[in-house]
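K.L.:
Using the sequences and the hints given, assemble the complete structure.
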Amino acid sequence: MPDQGLSRRGFIAKSLCGAVLAGAAAAPAWAHGTAGSATGAYARARKPIPKEVAQYQYQPNGAQRCGVCAHFRPPGSCEIVAGPISPDGWCRYFRGARGSRGSSGPGRSY
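The sequence shown lines up with residues -31 to -1, 1 to 79 when you count with mature numbering (1 follows the signal peptide of the UniProt record, and there is no 0).
Any given hint could turn out to be false.
Label-pair distances were calculated between CB atoms; the ranges are [said to hold, decoys possible]: (1) P17 <-> A66: 18 to 26 Å; (2) R15 <-> G(-14): 24 to 32 Å; (3) P56 <-> E21: 14 to 22 Å.
Since the hints were derived computationally from the structure, they do not count as laboratory data. Note that the Cβ used here is the ideal one computed from N, Cα and C, for glycine as well.
P.N.:
As structure tokens, this is what we get:
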């Protein structure tokens, strides 16, 4: 029987090396944001979440309001939630900006 060129063991070894190289090539694209950060490359590539899903409301939740949220983009948009956003609104993805009042609480870091 003639040599078929590549053994099963050789094929598996080369496949694993290829997978590792492909993962290493993709790593720099993910290095711009931190794990769990809404400003990471993955979050920027996602579609905005509907207001209903984010449980958006047009009034603040205590000291927590969109105007001091890390995801808020003046004058009235958000990195995460779709549509126009009021600076006095609030949603479940609230994350207080560093040094702002209301930076702690039940809001999620998306």
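K.L.:
Each hint needs a verdict: does it hold in this structure or not?
P.N.:
Structure-based check of all given hints:
{"no.": "1", "hint": "P17 <-> A66: 18 to 26 Å", "result": "20 Å, holds"}
{"no.": "2", "hint": "R15 <-> G(-14): 24 to 32 Å", "result": "28 Å, holds"}
{"no.": "3", "hint": "P56 <-> E21: 14 to 22 Å", "result": "20 Å, holds"}
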